[in-house]
Amino acid sequence: MPLNIIVCVKNTPTTNNVGVDSATGKVKSAGLTYAMNPFDEYAVEEAVRLKERVPGSTATALSAGPESSEGVVRDAIARGCDGAAFVSAADLDVNNPFATSYALAQAIKKLNEQKPVNVVLFGKNSSDGNSGVVGAEVAAWLDWPGIISVKKIDSIDEKSATVWRMMEDGTDVIKTSLPACLSTVKEINEPRLPSLKGKMAAKKAAVPKWTLADLGIKPEDLSGALSAAVVARSSPPPSRPAGVRVEGASAAEKARKLVDLLIERKLI
Amino acid sequence: MANQGTLVVALTQRGRLLPSTYELLTCGRAIADAAKEPLAAVVLGAKASQFAPDLIARGAEKVFVVEHPALENFNDELHAKAVGGVVAKEGLARVLVPGSVAGKSLAARLSVALKAGLAADASQVHLNSSGLKAERGQYSGNIVSEVEFRSPVQIATVSPMAYPRAEAQAGRTGQTVAVPFEPGPARIEFVSYQPEESSEVDLTAAERIVSGGRGLGTAEGFKLIREFAQSIGAAVGASRAVVDSGWIAYRHQVGLTGKSVRPKLYVACGISGQIQHLAGMSSSGTIVAINTDAACPMMEIASISVVGDLNELIPLIVAEIKKRKGAPAAA
Ligand SMILES: Cc1cc2nc3c(=O)[nH]c(=O)nc-3n(C[C@H](O)[C@H](O)[C@H](O)COP(=O)(O)OP(=O)(O)OC[C@H]3O[C@@H](n4cnc5c(N)ncnc54)[C@H](O)[C@@H]3O)c2cc1C
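First to last, the sequence lines map onto chains A and B.
Numbered according to this note's numbering, the first sequence spans residues 1 to 268.
Numbered according to this note's numbering, the second sequence spans residues 269 to 599.
Any given hint could be a false lead.
When the alpha-carbon atoms are kept at most 27 Å apart in a straight line, the in silico DSS-like pairs for lysine-lysine are as follows [stated by the list, open to error]: (1) B:Lys357 with B:Lys315; (2) B:Lys491 with A:Lys257; (3) B:Lys527 with A:Lys151; (4) A:Lys257 with B:Lys315; (5) A:Lys26 with B:Lys383; (6) B:Lys591 with A:Lys266; (7) B:Lys527 with A:Lys266; (8) A:Lys266 with B:Lys532; (9) A:Lys28 with B:Lys383; (10) A:Lys266 with B:Lys491; (11) B:Lys401 with A:Lys26; (12) B:Lys357 with A:Lys110; (13) A:Lys199 with A:Lys115; (14) B:Lys593 with A:Lys266; (15) B:Lys401 with B:Lys532; (16) A:Lys257 with B:Lys401; (17) A:Lys257 with B:Lys591; (18) B:Lys383 with A:Lys218; (19) B:Lys401 with B:Lys349; (20) A:Lys175 with B:Lys315; (21) B:Lys590 with A:Lys266; (22) B:Lys349 with A:Lys109; (23) A:Lys159 with B:Lys349; (24) B:Lys527 with A:Lys175; (25) A:Lys257 with B:Lys593; (26) B:Lys383 with A:Lys109; (27) B:Lys527 with A:Lys152; (28) A:Lys151 with B:Lys590; (29) B:Lys349 with A:Lys175.
Residues from chain B that keep clear of chain A, each with C-beta distances beyond 10 Å, as calculated [what the hints assert, rightly or not]: (30) Gly359; (31) Ala388; (32) Gly442; (33) Leu581.
Pulled from the structure, derived: some chain B residues nowhere near chain A, Cβ distances all over 10 Å [as the list claims (entries may be wrong)]: (34) Gln443; (35) Glu488; (36) Arg494; (37) Gly514.
Since the hints were made in silico from the structure, they are not lab data.
Cβ atoms here follow ideal geometry from the backbone N, Cα and C, with glycine treated the same way.
Input sequences plus hints: build the corresponding full structure.
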């Protein structure tokens, strides 16, 4: 039986080297360029591989964010997805995982009504917000099972999947019923680059665009979700204290002095 | 009545408490003291009650024990149901969860179930007059953000090694409460566990890490790194360059696309210190850099730097450590 696969992607700044406006405590966003969150490339690749594994399956990319980020779902099509849906929401702070996962879950519900969804894939975390909880939160909003840190989808049919979860001390093998949300890690595959054919398809694709209202999300629902946890202010990280250089006439002297220092500071 | 009280979530993995549980107790103790409230913990597992005395000795005043075979291995729905049940029944306000794979997965589910704000991977959580504050890194640690909460229940996952581990103190007493648990039908079934083939320490919980980079020259270079690590009881880390070259397995990779670590001591050997590597280790306590290039970024941020060829230096350092550690304890 073919699978209906959804993969969630985010448009993120192409650099992590961002500054903070010291007056407002906000990240300086002027001049930043954006592209698909690098971690999501693995999720997209896995969606495409699943499609190749189970004939007849479809992979649909989904993203929520400001109008300007629609290109990220087209990039997913260029990388092999069949289609996409986009939630255009200027008021949604996409670095707020609680609100973002809520919006994505409502969009997945809509897709699920159109055609039952089997699996939703996510990247490990976003390169800007860094939270790594959106996939598990979407699972919770939908009341579906959620597994994070997935490094392999071992077997899958329309009803269940056996996956490998990378833990700190090894690997858990888990069987989950579907539909479920799976957050991937980098180890899962090696993403391919967008193909020329994919890029053409991405240009031509008709991407349905939904507003929050289209998804039944009322303004007060959104503001409630957004305010559960908020970033009050941001600042550059505290700078590290200046270091010392171990000098010595010979390597042996440097080695001895280094060990002296480590013992003196009770580090070894 | 408004929710009150702080709860530390003590997760068991392979029948043992996660080591970061003790770090959460340190963090939770300070919050409970600031709030002038008792500190509670909830411990989950197939055989969880055995850990209650230890949690009490390390600062918890009340320990909820949810013991059930279904909680032996991590299952996001069941664990969230168990913790959520305790939080709701007791009307607790603040929940501290380990920043591990299981902890993060649990906190996310809990956050939605309790409509509770969540700060993930906090490096600091504290309480002041205006409420709970969590500090967390964004943009790979290039900025630090302060998170505030507006929800009645507030959750933070705390990064491993962000707090010192609470010590056991004799004479501490507390209450243990057995919590009945009915798992219900499970949609996730645990099949098996495959341990790491090596007995190496988990990087994220390591107090000391020795890492190697492209400066090692060849895969054999990791012999030096392992010897160095062994001599000081450290875990072995690596840069992406050497992982991509197949010199060492991915699980050793530190950085943006690897693990985030904050040991007391991080020794970087032949690692240039590109921003993606720094993203995973720049909050380490003391950073030692060994590099031929005196001006590379790792040498610039290091607490202690040594200019030189690691092939020459590491054997000398290891020999010196063995000599010193073998000698009777010096002052
Ligand atoms: C999206 C993205 C994600 C990434 N994620 C990560 C990540 O998670 N982790 C990571 O580490 N990198 C990551 N990188 C790669 C990163 O940019 C660097 O390429 C990588 O960290 C470099 O590894 P290195 O320091 O070992 O190698 P190099 O940069 O080649 O540095 C080698 C160092 O060894 C020194 N050296 C050479 N010979 C000797 C000697 N005999 N003795 C002593 N020193 C010597 C040199 O002076 C140099 O400083 C990522 C890159 C991208 C684009």
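Which numbered hints turn out to be false for this structure?
Violated hints (numbers, rising): 4, 9, 12, 16, 28, 31 and 33; every other hint is consistent with the structure.
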